[in-house]
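Take the sequence shown: its letter number 107 is residue 107 in full-length UniProt numbering, and every next letter is one higher.
In short, the hints are calculated from the structure, not lab data. Note that CB positions come from ideal geometry on N, CA and C, so glycine has one too. Check the hints yourself; a few may be wrong.
Unchecked claim - Result set (SDA-like, lysine to any residue): computed pairs, CA atoms no more than 25 angstroms apart in a straight line: (1) 79 x 103; (2) 79 x 126; (3) 79 x 33; (4) 54 x 106; (5) 54 x 77; (6) 54 x 125; (7) 54 x 23; (8) 54 x 105; (9) 79 x 47; (10) 54 x 86; (11) 79 x 98.
Unchecked claim - Now the in silico label distances, taken between C-beta atoms and shown as ranges: (12) 91 x 70: 26 to 36 angstroms; (13) 90 x 23: 28 to 38 angstroms; (14) 126 x 101: 14 to 24 angstroms; (15) 13 x 103: 29 to 39 angstroms; (16) 89 x 23: 31 to 41 angstroms; (17) 114 x 46: 14 to 24 angstroms; (18) 57 x 98: 16 to 26 angstroms.
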Amino acid sequence: MTRRQASTLGTRRMVRLAQRWVEADVRAAALVRCSDAAPRVVTLAPDMLLVLRKTDLLLLVASVRWLLGAPGTRLERWKLDAVDIELEAGCGLARPLRIATEDETLVLAAPWLRPRQRAALACIEGRSEAS
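With the hints as constraints, model all of the structure from the sequences given.
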């Protein structure tokens, strides 16, 4: 693991993919999935990366090939101070992750098993609250 990866939160694989696709310094990278609680949206890939860049820019990037794009396709982009992120309490393999702007709310499922994944999600949520 390089020193650059060591300072980035998230699983090693997610950090490597985020750095390759975003082509910028990454603070945290976490795997998220379409939530089964909401109707399926074709414009979202089934598996995505939520990437927090060091410039406090939050990106939602497709991590698999799907109907409308390839891995690395940027699906959404938010300034961290313009978005409210809440990781809801729960039990099981995933936690609901709510990303809200003035106009819309997106609910995703965030896998919860790996400690580095949990740390990345906590960092993203904490940075959003601090902004």
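Item to check | Contradicted hints - numbers only | outcome: Result: no hint breaks.
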